[in-house]
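Participant: Add chain B to chain A, keeping to what the hints say.
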Amino acid sequence: MDLQTGIRWMELFNEEIQQEKDYLTQLDTPIGDSDHGNNMSRGMVHVVQAIEKESPDSLEALLKLVTSTLLSKVGGASGPLYGSAFMGMLKTVKEDYTSSWDKVLHGGLESIQKRGKAVVGDKTMVDVWAPVVQALENNQLTHVVIEEAVEATKPLKAKKGRASYVGDRSIGHIDPGAYSSALLFKTMLKSEGK
Amino acid sequence: MEKPGIIIISHVYEIAKGIERLLQEVASDVPIKVIGGVDKTDIGTSFDTILELVNSHPSTNLLAFYDLGSAKMNLEMVEELSDKTIIIYDVPIVEGSYTAAALLQADVAQEAVEQQLKELKIDK
Chain A
0 MDLQTGIRWM ELFNEEIQQE KDYLTQLDTP IGDSDHGNNM SRGMVHVVQA
50 IEKESPDSLE ALLKLVTSTL LSKVGGASGP LYGSAFMGML KTVKEDYTSS
100 WDKVLHGGLE SIQKRGKAVV GDKTMVDVWA PVVQALENNQ LTHVVIEEAV
150 EATKPLKAKK GRASYVGDRS IGHIDPGAYS SALLFKTMLK SEGK
Chain B
0 MEKPGIIIIS HVYEIAKGIE RLLQEVASDV PIKVIGGVDK TDIGTSFDTI
50 LELVNSHPST NLLAFYDLGS AKMNLEMVEE LSDKTIIIYD VPIVEGSYTA
100 AALLQADVAQ EAVEQQLKEL KIDK
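First to last, the protein sequences are chains A and B.
Using numbering that gives the first Met the number 0, read the first sequence as starting at 0 and increasing by one per residue.
Using numbering that gives the first Met the number 0, read the second sequence as starting at 0 and increasing by one per residue.
Isolated chain B, as found in the complex:
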């Protein structure tokens, strides 16, 4: 079965890139794609760039992590309009994505990954 992939959506370019570095260290075989900011300098998230990220991602099954509220709203709209399966997790972006990446790297089944992520859930 194809490995599920990870997407990271942050308001800031450097945050997204920093998380990417962190995850790659622990999960070099997990397909991870990140997007931060509207572009390299402008803070924010955009529906268009998230859609592009999802479409260009090699996996059809995606675990999504985000930082602040509007990133989630844009993600949800992409999730509704995309053919891919995207699950959005309300967890701290660093801890949550790190947990998922490490477990996926170890070939842990997605259901078990979800179980672990549930424990990290926060109100966001």
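If we strip away everything but chain A, and leave its shape as in the complex, we get:
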């Protein structure tokens, strides 16, 4: 991942989020507070605007800008969670500029888990992040891997987040945070021409 690919990634992610905004809200309606589509949409509009305005000159500067913008503009639980994800990635890059990209994403995953205390199987974004990071480590990340991870959240019972309040009734629904995370990783692959 270099600066130009990173910027392209954020632009593509924004496009997907805007296209899927209503679907994200729809996913968040039975098991959440119906704000995920609007929150992510607002956040990503600001991210793209901030990139245009600030013209970050390194991958580190880009990650920093994305972190602070998501944290300020997304709201809900996704603001601090996506903010933490990019903060963890930023930290890994800062510690070692030569970090491989799977290591950087692993830093993001750790940061999400530190913030939200979720583990695999809790029906959260972690259920997409964890298999994606693992697939990337084995050089096996594909669109199919991502789609399967999202689909696998459907039969799970939510143990973290707003969906956990509805208990068994969360079973049978795709987790909205897992879905938006899938968009994040699919656009990451696209930005790399995959």
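In short, the hints are calculated from the structure, not lab data.
Quick caveat: nothing in here was measured; it's all calculated off a predicted structure.
Ideal Cβ positions, reconstructed from N, Cα and C, are used throughout, including at glycine.
Here are the computed distance ranges between Cβ atoms for each label pair:
| no. | chain 1 | residue 1 | chain 2 | residue 2 | range |
| --- | --- | --- | --- | --- | --- |
| 1 | B | ASP47 | A | ASP56 | 23 to 29 Å |
| 2 | B | GLN114 | A | ALA60 | 42 to 48 Å |
| 3 | A | GLU147 | B | ASP106 | 56 to 62 Å |
| 4 | B | LEU80 | A | GLU51 | 24 to 30 Å |
| 5 | A | GLU147 | B | LEU80 | 32 to 38 Å |
| 6 | A | HIS142 | B | PRO57 | 52 to 58 Å |
| 7 | A | GLU191 | B | GLN114 | 53 to 59 Å |
| 8 | B | SER81 | A | ILE170 | 35 to 41 Å |
| 9 | B | VAL25 | A | GLU51 | 48 to 54 Å |
| 10 | B | LYS117 | A | ILE170 | 30 to 36 Å |
| 11 | A | GLU51 | B | THR59 | 36 to 42 Å |
Facilitator: For chain B alone, kept in the frame of chain A given last:
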């Protein structure tokens, strides 16, 4: 020594304001600041407004009370990035903050306040 202060973070403006009224009745000398909602009408919490609240609070030592999960996550991020000492309590927001306010008003040491709050701890 400077009196520790209290901050209340709720998803809803009226909840925060209601708790503020309740606490002021029992603890008029304790510095209390509250924030509820993203603004007066929108439900939610925001990192930016919590950071602002912490920075504008007269105390450097803060006891923090919140209602739902995302308020805690935003609070934790502020706690990590702020120079102030913020302790976040996993207790029912009304009972917990009321207990803390009443004890601080009576000049009970913070360690003793913590001890009392421990008994109120819930999984949240």
